[in-house]
Amino acid sequence: MKIRHLAAVSALAVMAAGAASAKTFVYCSEGSPEGFDPAPYTAGTTFDATAHAIFNRLAQFKPGTTEVEPALAESWDVSEDGLEYTFHLRKGVKFHSNDKFTPTRDFNADDVIFSFDRQGNTENPWHNYISGITYEYYSSMEMAKLIKSIEKVDDYTVKFTLNQPEAPFLANIAMPFVSIVSKEYADALEAAGTMEEMNNTPIGTGPFKFVAYQKDAVIRYQKNADYWGEAPKIDDLVFAITPDASVRLQKLKAGECHLMPYPAPADIEAIRNDPNLKLDEQAGLNVGYLAYNTTVAPFDKPEVRRALNMAMDKKALVDAVYQGSGVVAKNPIPPTMWSYNDAIEDDKYDPEAAKKMLEDAGVKDLAMEVWAMPVQRPYMPNARRAAEMIQSDFAKVGVKVDIVSYEWGEYLKKSMEPGRKGAVILGWTGDNGDPDNFLSVLLSCAAAKDGGANRAFWCNEEFSDLLAKAKASTDQAERTKLYEESQVIFKDQAPWATLAHSTQYVPMAKNVTGFVQSPLGDYAFDTVDITE
Amino acid sequence: MLRFIFSKLLYLIPTFIGITLISFSFIRLLPGDPVLLMAGERGVSAERYAQISAQLGYDKPIWQQYLTYLGNLFQGDFGNSIVTKKPVLTEFLQLFPATVELSLVAIIIATVIGVPVGVIAAIKRGSWFDQISMTGALVGFSMPIFWWGLLLIIFFSGTLGWTPVSGRISLMYYFPQVTGFMLIDSLLSGQAGAFKSAVSHLILPSIVLATIPLAVIARQTRSAMLEVMGEDYVRTAKAKGLSPARVIGVHALRNAMIPVITTIGLQIGVLMAGAILTETIFSWPGIGKWMIDSISRRDYPVVQSGLLLTAGIVMIVNLLVDLTYGLINPRIRRQ
Amino acid sequence: MTDMTTKISDSAIRRQMLKEFWFYFSQNRGAVIGLVFFVLLVLTAIFAPLLAPHDPSQQYRDAFLLPPAWEENGRAAFLLGTDAVGRDVLSRLIYGSQYSLFIGIVVVSIALFGGILIGLVAGFFGGWVDTVIMRVMDVILAFPSLLLALVLVAILGPGLTNAMIAIAIVYQPHFARLTRAAVMGEKEREYVSAARVAGAGNLRLMFKTILPNCLAPLIVQATLSFSSAVLDSAALGFLGMGAQPPTPEWGTMLAEAREFIQSAWWVVTFPGLAILLTVLAINLMGDGLRDALDPKLKRS
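Chains as they are written, first to last, in my numbering: chain A, 1 to 532; chain B, 1001 to 1335; chain C, 2001 to 2300.
Only chain A is shown next, with the shape it has when bound in the complex (with noise of 0.2 Å):
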């Protein structure tokens, strides 16, 4: 019953498409998208085939960049303690429109309140509206304690107001998880008593609209005629899902499609030399470290983990490890965020004053764990690979490591756990470009207790006054500031071993253009062409 209704819909977006189809435009996605929903998930695979193609939100980030623009809400006001932002909207936006469903009106402020709404207030019949349903950014987020209420002044009129001030609100509503879904069309929905179409059939006000989706295998859109921005200048966009790294790239030089994400390592030196490809290269928003546990002796003492960083070739290891396609770390955020300290130095690769500093402090014989992820991340591509120098770097200061792994989840979990004997190889890679999004969440005082991110359980009140104060903050130059000084206590008390910031690669064909990598890892298509 349900695949002849699927085959109904689809048949009409066929002519549709057919009248216009002139320019296509074929993406080879990494994966399928796990819903077309964007609120309750959380891979950038799916943020690319629904938030950044679909959708639109209050505001957004400027392209290539992580510097907050005006989108659906054309300005906004800040009142002078923080708490209450006023959003101006855009007037004349026009949701899509599907075979079963026309907007009768332009986007408003219900739409918007209903947005938030959904995802944070429990009694919305849309909050459960497929069983098992989280929204997990809007909850790790933590939106819900920040946002107090949210009131239509009018219909092109909305005002949030927050329990604290929060500098990085902002940023937090230019993501994802936050795009603006069309009240009218969830209303159709829940009369018609299917709601979970909400999932896979999505409206929006985005660049494209949607037409059909073939699980594992195709994603079809259509350029929006009425983007409100910018209209796109392809006319049809097509993901077509290629989970291998070398089968995208096959296809990729067979013309079968016109850009990829993440290549293998390995292909990146063959994709530059190849005439009819393109690399576009750019610093990732990550950091791979290794966290010591210092609430553990003997890494309760700073000396003791300064003296181990520099005892580690990290150069050598960056080499073998990311394989060229990553830079050194020393601070816990990329080089691309703004507030970078740039002037702290790196602690120099000394085994023979490491191994003195051991001695001074009183270390002898010293055996420890090294935890290497059993995953690929971007910002890690082969842990067991790093662990393992890292094993012979410290062998070289006395110092014996065992490199234990476990299963992901297993990983995750333990790695946890207060108690954890030994240091963890993890990383992270930026929501929205804000500092707070690393510090706070990796290193805060906060997140070093009740399952938070911070591996190294390092709690220094200094460093997290900072960081408080700069998130109260609505002055950019102060928080800059602040968040300068932290990277200096950071440095000091060393609490991990900052490992390296890793490079995004995207190989495409060298008739593209337009396409602006985003320091986010997000695939946006909006402002791509292909030249004959």
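Honestly, the hints are just simulated from the structure, not real lab data.
In this text the structure is predicted, and so the values were computed from the model without any measurement.
We put the beta carbon where it would ideally sit given N, CA and C, even for glycine.
If a hint is listed, it holds; no wrong ones were tucked in.
Footprint (simulated), chain A over chain B, 3 or more residues, beta carbon under 8 Å:
hint, segment
1, 1044–1054
2, 1074–1083
3, 1091–1104
4, 1280–1289
Under the rule of at most 20 Å between Cα atoms (straight-line distance), these lysine-lysine pairs were calculated in the PhoX-like manner:
hint, chain 1, residue 1, chain 2, residue 2
5, A, Lys330, A, Lys491
6, A, Lys355, A, Lys400
7, A, Lys348, A, Lys330
8, A, Lys421, A, Lys364
9, A, Lys215, B, Lys1086
10, B, Lys1085, A, Lys215
Since the structure of chain A is already known, use the hints to place chains B and C on it.
Same frame as chain A, now just chains B and C:
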């Protein structure tokens, strides 16, 4: 006959319950916690952890979870995927036609080639044809199909450029899914070249998947034929002066087909296992690839119900084979 | 006294059977070829350290992805070329034979031992014990074997040992069924009743009296399982759930080589060829065994 069917069905019930028990308990034994995997590097607070566990029903005692699971099954609810939040059954039905299409084409290839080869080999026992085809069958039977698939890709897609690397049809063609079978849908679409494209995508994977069944069927047909041809009634028929074609076609072949049909039916389990490898190599969007991905993502409900559904299908096909067998051979029914 | 005479005649019969068996077996040319290849393989595995020109995990940093010696750019030192991190493919294949044989032996032993035990119990006691055991076996057989093995490995954790355990569990019902069927057939025979009357206990009846007479089909099944075990463990390795890199297990080598299917055919071709030839040899032997044992089965 009805009684025979009924007794067979009755026999399936304990097996089915056993299957649910196994698929359920296996999944509980998997290390790694889906809630933690969902949270990733960010971590999750104890409070939130409890909240999500409760929402997913993982906080209840195991036996209660099992009973809920069984209860839902009988209402046709196979649970929702943790990753996509969509009903497992819906996802299964979306991907199943791809696997069925691949398996059907494979089993057709295997039968259409395997049976005649086996028959000829038996008739010309000891001839060069017999020797070569049976050696070939043994090689096919010993084939690591994941390697065989790679070789075919290197040669036909790489060196010759004849066939595409992966997928079910070229992206150029876009038409509504009516049956879910690309071969049929591409014909229905009426678009020029669509069917050809679908065939060219299907050809390598189905050859790979057909390899082992083909070998098994050819060997089985040959030995069944040899056995039947040695039986008294065939010899009698020959002695009566019936033409060799009639002897083989009517008497020997029909009786030899009984074990061959069983063999073909039993290949379904082999196909399911083969589909896992074939679909992985050719990025074929079917059940096998879906299960592998779900195992690595710890998507409990998908692995659990996916196991159950595949085992259920194997069971039903085996039942059908039994019934066919009973139809052809009345002696079985009475036992 | 009677006990003595039966023993003597037993061993005489066995010698006679063996002779007859070899006669039938050696008639089958394929089986003999298979046997010879298999013996060579066993020798290769045993003497791997002597035969292999290089250490299988030694990475030659100046020799990444070298083609075989006879190709352009090939080096005589690396007869079958090198892989992505400069390891000698031939040496890895030679050491890989150890894994494949080891896997086959362990899997078959576990499955055989477990299956025989379960089958004997089910067949010998019958009744509800039999029903329960056989229903459980049915359930295991209802799952596609590779899928079940995959899930089992996911539970136990990826690795060679766990892959072997998983495959053995999946194979064991075949042995249990065979044993049970044979036991059921033998149980009612006169020699069993005679032994029972003579006061033999259950255990003695099961293992000393009945089991030796059920061995023929089990041996054939064991050979078949040996080759399937080599295939399935390679498949698990290929899917990343079997032996873990840098172990030179053939399936794992193939998995690592997959990204080079366009650029370096030798890293893909040779491990697969090794698997194919090994499995083929064992299957040839299995065919010969079946032919040699079958007439005897029919006659007894």
